[in-house]
Amino acid sequence: MQHFSRTLLAASISTALLATQALANTSKPVSDSASLPPTDQCMMQEGAADNQAPIVIQADHLQAIGNDKAMYSGDVEVTQGAKRITAESITYHQNEQVAIAEGDVSFTDGQVMAHSARVTSNLENDTFELEDTRFHFLCDQGRGNAAYVAKIISRTGQPIYELEDGSLTSCPPGDNAWQMVAENIEIDQTEETATFYHSRFEVLDVPIFYMPYLTLPVGDTRKTGFLFPSISYGSNDGFELEVPFYWNIAPNYDLTFTTLYMSQRGVKFDNDFRYLTDGYGMGELKVEYMQHDKKYQRDDSRWGYQIKHDGIIDKQWLVNLDYSQVSDIDYFLDLPSDIGNREDGQLLQQGRVAYRSQFWDMSLMVRDFQILLTEDNQPYRLLPQLAFNYYSPLWDNTLRFDVRSQASHFDTNDADKPNAMRLHVEPGLILPLSNTWAEWTTEARAMATYYRQDLKDNAMLEHLYDETVNRFVPEFRSHLRLHLERPTTIFEGYTQTLEPQMQYLYVPDENQSRIFNYDTTLLQTDYYGLFRSRKYSSIDKIAPANQLSYGASTRFFDENYRERLNISFGQIYFIDTKTKLNQINDDASNYSSWAVEADFNYNDMIYYHGGVQYDIDLKAMQLANSTLEYRFDKGFVQGNYRYVTRDYIAATVSPVGGDWSRVTSDGISQAGIVAAYDMNPNWSFAGQYYYDLVEHIDLEWLASLRYQSDCWYIGLTYANQIVGWNDEVVGINHGNLDYESNVSVNFGIQGFATNSKAYTAAKELDSSDNAITYGRPFYLND
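In the UniProt record's numbering, the protein residues as written are 1 to 782.
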């Protein structure tokens with residue numbers, strides 16, 4: 001055997017043996033393809049086809065046999081585009097363009113990196129066979145072992161990897177926390193699916209379950225197949241096993257079918273169908289079904305469904321549907337559900353079709369509710385409501401004219417409530433004036449409403465209400481707001497704004513006592529509500545007004561114009577004290593409560609939000625809320641407090657059945673703390689606790705500890721929350737409190753079809769099914 005230098009050998013090969021097929025390198029390539037990051041490997045495949053690229057072979061020794069075969073030894077390397085083979089020895093067949101490598105073989109084709117005892121690679125058709133192999137994918141998650149690996153080209157021209165006696169896992173090298181082991185595995189990276197035949201799932205090399213046939217997605221692309229199951233244990237439902245199956249019906253349709261087994265309850269089936277149409281919008285259909293609930297000894301089945309659709313057709317038609325229903329009023333209290341939460345008191349059942357043009361729009365809506373938690377309250381159905389609105393500029397946009405109108409039919413099964421037909425027409429003139437530092441809007445409206453009330457031959461209703469009512473109420477409103485700005489003198493580099501505003505509102509007092517309340521509730525009273533023209537959400541009640549609202553906001557912006565402080569305060573002066581709502585005594589002044597709102601952000605670390613309503617007649621706070629949060633790199637701590645007096649509740653909320661003891665004994669005074677901390681990249685903690693300072697009881701507390709590695713996670717959660725008083729009377733007997741506690745352990749695997757993004761402890765608070773969820777109520781501009 002002759003000995004050559006590597007440069008001379010490469011030149012000899014390229015000239016004498018491989019002619020123009022193989023090109024020589026005079027030195028080792030600068031970049032080693034085996035060390036490229038996966039993204040670079042994937043990008044390399046976007047160039048010309050590898051089987052058209054030139055072949056380069058480097059070795060310490062060469063032995064040529066005939067004109068078509070050469071044997072290389074001594075640090076051998078063959079490259080062709082993204083393909084690269086290194087081995088102790090390689091036999092190359094020129095006519096077939098087949099390279100057989102043996103002895104500590106390293107192989108990559110740009111998609112997979114492998115270490116094998118023997119590799120046979122066809123460089124012409126881009127196929128290969130690997131024996132006794134350890135491999136990992138470069139463009140997708142996944143690594144494993146196999147006695148035999150082959151890359152073949154399917155009939156569609158797409159590559160498929162076939163493994164015999166192989167394993168697959170998303171864990172990094174050296175971590176065998178879990179793996180899928182099978183007699184045969186087919187991996188289609190184009191379709192991003194892995195098909196397992198006679199497979200078993202192993203945790204720490206211990207078999208957990210067996211599947212004769214299993215298909216799983218191995219990338220981010222939506223693919224049909226089983227998603228990884230989740231396993232947990234809770235004191236309420238016992239052992240839980242959730243197995244989801246995803247069906248990628250079409251690029252614009254998919255279905256997720258989930259089987260949830262609960263050892264103390266039974267089996268629950270959840271279906272989630274999503275669709276996206278061309279020109280008709282998008283929507284979702286959720287269906288849940290449980291044949292028999294063993295825990296509550298219910299012989300009848302339990303079910304729920306939700307239909308949602310939103311669409312814009314031909315740019316002018318709008319279609320909206322939101323309809324939900326469950327089998328019983330305790331459905332969300334007893335069962336986990338994606339349709340609603342345990343705190344929901346009702347489910348919306350609404351459909352709406354609208355048409356809009358340049359100067360007018362029209363809509364048709366039907367609406368109903370399913371009331372949960374109680375069967376005492378029967379809501380009104382809106383069957384239907386037809387609305388028409390017209391708007392047009394006048395005098396070259398200086399003056400605007402509009403008309404709001406609706407025809408509504410209200411229907412209920414409650415014999416003690418009337419049905420009704422309501423017609424409402426509301427023309428208005430608006431004069432908006434503005435420049436860079438001021439806005440002044442003056443508005444005049446005329447509200448005409450006709451009611452035809454079906455009193456159902458009910459003597460009590462006939463005594464309280466009229467069958468027909470005509471109501472006419474005018475409204476006048478003028479609102480002025482200034483925008484002033486200056487550099488601050490106290491804080492260098494900051495800009496301060498001052499935004500005073502004033503509004504005069506006049507609505508005459510019209511007797512509306514003979515009209516029933518069909519869809520109207522009192523709106524929230526805070527600083528932002530001081531300058532509304534209406535005190536109620538709808539038109540059954542139009543509150544009289546002869547008042548002057550005034551207030552101001554001041555903001556502080558740093559040099560990047562990031563808002564750091566915002567304080568707003570305001571009040572209403574009632575020119576006519578008869579128009580003052582919620583008047584507690586006859587000696588009350590002409591002034592409303594002071595409303596104050598404040599937000600503060602110090603260095604993106606300390607955040608504060610607070611709101612207060614101070615009654616100047618009672619010289620006491622009526623409402624208050626406060627939130628202080630400290631954020632740091634790995635978590636946050638947040639304290640909350642809310643306060644409402646019983647007098648305020650009595651003046652604004654109708655008691656259940658007229659019994660205030662079922663609502664509150666002495667108002668609301670509650671405090672809580674919420675915290676989350678990522679101790680390190682693997683361990684995280686989250687917790688929250690709420691306490692009632694009036695009843696002196698725990699409302700809720702939750703604690704969660706979670707460990708997450710690169711390919712699996714486990715979490716321990718304890719939750720204890722009050723769900724009510726057994727005697728339904730607040731504060732009478734603390735021993736009669738009804739609490740629900742739950743201890744759950746859940747674990748699962750990361751990778752392939754599951755979300756592999758980093759987990760933070762705060763997500764546990766966002767996703768937990770608790771009565772008072774974590775929120776960040778800060779209104780500063782970023």
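Derived by calculation from the structure, the hints in this document are not laboratory data.
Heads up, some of the hints might be wrong.
[Said to hold, decoys possible] In silico DSS-like cross-links for lysine-lysine, where the CA-CA straight-line distance does not exceed 27 angstroms:
id, residue 1, residue 2
1, 619, 535
2, 223, 308
3, 578, 634
4, 456, 578
5, 286, 223
6, 578, 535
7, 315, 295
8, 578, 541
[What the hints assert, rightly or not] Label-pair ranges, simulated between beta-carbon atoms:
id, residue 1, residue 2, range
9, 295, 541, 43 to 49 angstroms
10, 442, 491, 35 to 41 angstroms
11, 548, 606, 48 to 54 angstroms
12, 619, 374, 53 to 59 angstroms
13, 423, 263, 54 to 60 angstroms
14, 495, 287, 26 to 32 angstroms
15, 548, 495, 27 to 33 angstroms
16, 289, 131, 45 to 51 angstroms
17, 495, 386, 45 to 51 angstroms
18, 500, 374, 31 to 37 angstroms
19, 186, 606, 53 to 59 angstroms
20, 458, 606, 54 to 60 angstroms
Idealized CB from N, CA, C, for every residue including glycine.
Restraint status (C-alpha distance of residue 578 to residue 541 at most 27 angstroms)
holds (16 angstroms)
Take the C-beta atom of residue 619 and the C-beta atom of residue 374, compute their distance, and say whether it sits inside 53 to 59 angstroms.
violated (38 angstroms)
Using the C-beta atoms of residue 423 and residue 263, is the stated range 54 to 60 angstroms upheld?
holds (58 angstroms)
Run the distance test for residue 619 versus residue 535: straight-line Cα separation, threshold 27 angstroms.
Status holds; Cα separation ~24 angstroms.
Cβ-Cβ distance between residue 442 and residue 491: within 35 to 41 angstroms?
About 37 angstroms separates the Cβ atoms of residue 442 and residue 491, which means 35 to 41 angstroms holds.
Does the structure keep residue 315 and residue 295 at a Cα separation of 27 angstroms or less?
Given pair residue 315, residue 295 is violated - Cα atoms ~51 angstroms apart, limit 27 angstroms.
For the pair supplied as a hint, residue 456 and residue 578, confirm whether the alpha-carbon distance does not exceed 27 angstroms.
Violated, at roughly 34 angstroms.
Cβ distance range 31 to 37 angstroms for residue 500 and residue 374, holds or violated:
violated (46 angstroms)
Residue 495 and residue 287, beta-carbon distance inside 26 to 32 angstroms?
Violated, at about 54 angstroms.
Status of the given 45 to 51 angstroms range, CB of residue 386 versus CB of residue 495:
holds (49 angstroms)
Are residue 286 and residue 223 close enough, with their CA atoms no more than 27 angstroms apart?
holds (20 angstroms)
Residue 548 versus residue 606 beta-carbon gap, inside 48 to 54 angstroms or not
Because 37 angstroms falls outside the window, the suggested range is violated.
Hints 3, 4, 7, 11, 12, 14, 18 from the earlier list are contradicted by this structure; the remaining hints agree with it.
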